[in-house]
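Q: Spelled out, the chains give:
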Amino acid sequence: MTVEEPRLSPRELIDHLEPVLSRRRRVRAVAALLAGLLGTAFVAALWLTEPGPLPGRTRLAFALFLVFCLAWAAYGGWLLTRRVPLFATEKVIAAWIALAASLVTTAVMVTIAAQRGTGVLPVLAAGAAIVAVALTLAVRAHARRAALLRRKRELGGGEEA
Amino acid sequence: MSDELLVVRAQLGERAALAELVARWRVPVWTYVRRMLDAERADDVAQEVWLAVVRGLPRLREPGRFAPWLFTIARRSVTDRLRAEYAEYAVREAAEPEPPAAEDPVEAMADAVADRADLVDALAALPVPEREILVLFYLEDLPVEECAQICQIPAGTVKSRLNRARRLLREHLEERGHRS
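Top line first, the protein sequences correspond to chains A and B.
Quick note, the first sequence lines up with residues 7 to 167 if you use this note's numbering.
Quick note, the second sequence lines up with residues 5 to 184 if you use this note's numbering.
Errors might be hidden in some of the hints.
[To be verified] Derived, one-sided and incomplete: chain B residues facing chain A with beta-carbon distance under 8 Å:
# : residue
1 : 12
2 : 16
3 : 20
4 : 29
5 : 50
6 : 88
[Unchecked claim] Estimated spans, in silico, between C-beta atoms of each pair:
# : chain 1 : residue 1 : chain 2 : residue 2 : range
7 : A       : 77        : B       : 69        : 37 to 47 Å
8 : A       : 145       : B       : 143       : 42 to 52 Å
9 : A       : 81        : B       : 145       : 36 to 46 Å
[Said to hold, decoys possible] Per the computed footprint, the stretches of chain B lying under chain A, defined by three or more beta-carbons under 8 Å from a beta-carbon of chain A, are:
#  : stretch
10 : 21-27
11 : 129-136
12 : 170-177
None of these hints come from the bench; they were simulated from the model.
Remember, it's a predicted structure, so these values are computed and weren't measured experimentally.
No residue lacks a Cβ here, since even glycine has one placed at the ideal position from N, Cα and C.
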C-alpha cells in the first residue's frame, strides 16, 4: 500500500478557508444588510410622509429606490446566512452596530416627519419596531456568547476570548 | 485540549482554536473522503467539506458532538458524488434485506482484518454503504450510535452492514491469498 496524504498542509487548508473567515467580507455583509434594511425603512418613511400627491415619475423613483435597498438587504442576509456566518463575538459587535444604526435612522425619520408635519406617530412606531428588533438581536447575541464563555470556563478554557 | 473546548472557542471567534481544530481533523476527514472517492476528487471534496464546516460551525448547538456532525457534513459531500452508487444499492437492498447482526462487530472486525493496511487496500473493492460503515467505524473509531447518526440509519442496520462488510472483506482477502 502506498502511503497517501492530503495534498494541502494544515496552513494551506486554512488559507483556502480565508474567503469564509475574511473579516472584510463579514463587515461588508453586515453593512449591506443594515444599509439595505434601514435604507428601505428610510425611503418608505420619506414616501409615506410626502405632504401632497406625487407625480408618477417620483413614485416610480421611490419604488426603484425601495427595490434597490431591498436587494442590498437580501444580498447581505444571504451572505450572513450562507457564506460568512458570524461567530458569537462578531454577532455581539454586529448587533450593537445594528442597534446604533437603527436609533440614528429612527431619529432621522422622526425629525423629517416632524418637519413636514405629517404623522410623526406612525414613523415613530415603525422606528421603535426596528430598534426593538435590533435590541432583541443584541440581547440574544450576548446570551449566546455568555453561554459559550461559561461552557469554555467549565471545560477549563480560561476567561479570555 | 478537548474537541469540545476547541469548538466552543472557535464558535466564540478565536481563529487559533479554529486552526487547531482544522489541523486535528484534517487527516481523519481526508481519510474518510479518500476511502470513499478516487484520489483526484478527494482533495477537492475534503476542502469543500471544510468550507461547509466553517460556515456551519457558528450554528452547531452541541459542541460536544463535533465528530458526528463533521462526518455528517463530509458524508453529504461524498453522497453528492456517489449518488448513482447509493441509488443502485437501495434497489439491491430492497430486493435482498440485510441479515440480522449476529456477532459483535468490534470483535468480528479484529478477527477479519489483522492489518490496517490490508483493510485500506481491500476497502476499495466493497460496495459504497459497506465501505462507508467500515471507514467510519474502523478507521475513524466512531461508536455504532454515531455511525448510525451520520448515515441516518438505525444502529441495528449499522451492525448488520458491518457484518456483511466483514464477510465481503474476508471473501476479498481470501481471493487475494490472505487468510483471516
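Q: Output the indices of the hints that this structure fails to meet, ascending.
A: Failing hints, ascending: 3, 4, 6, 11, 12.
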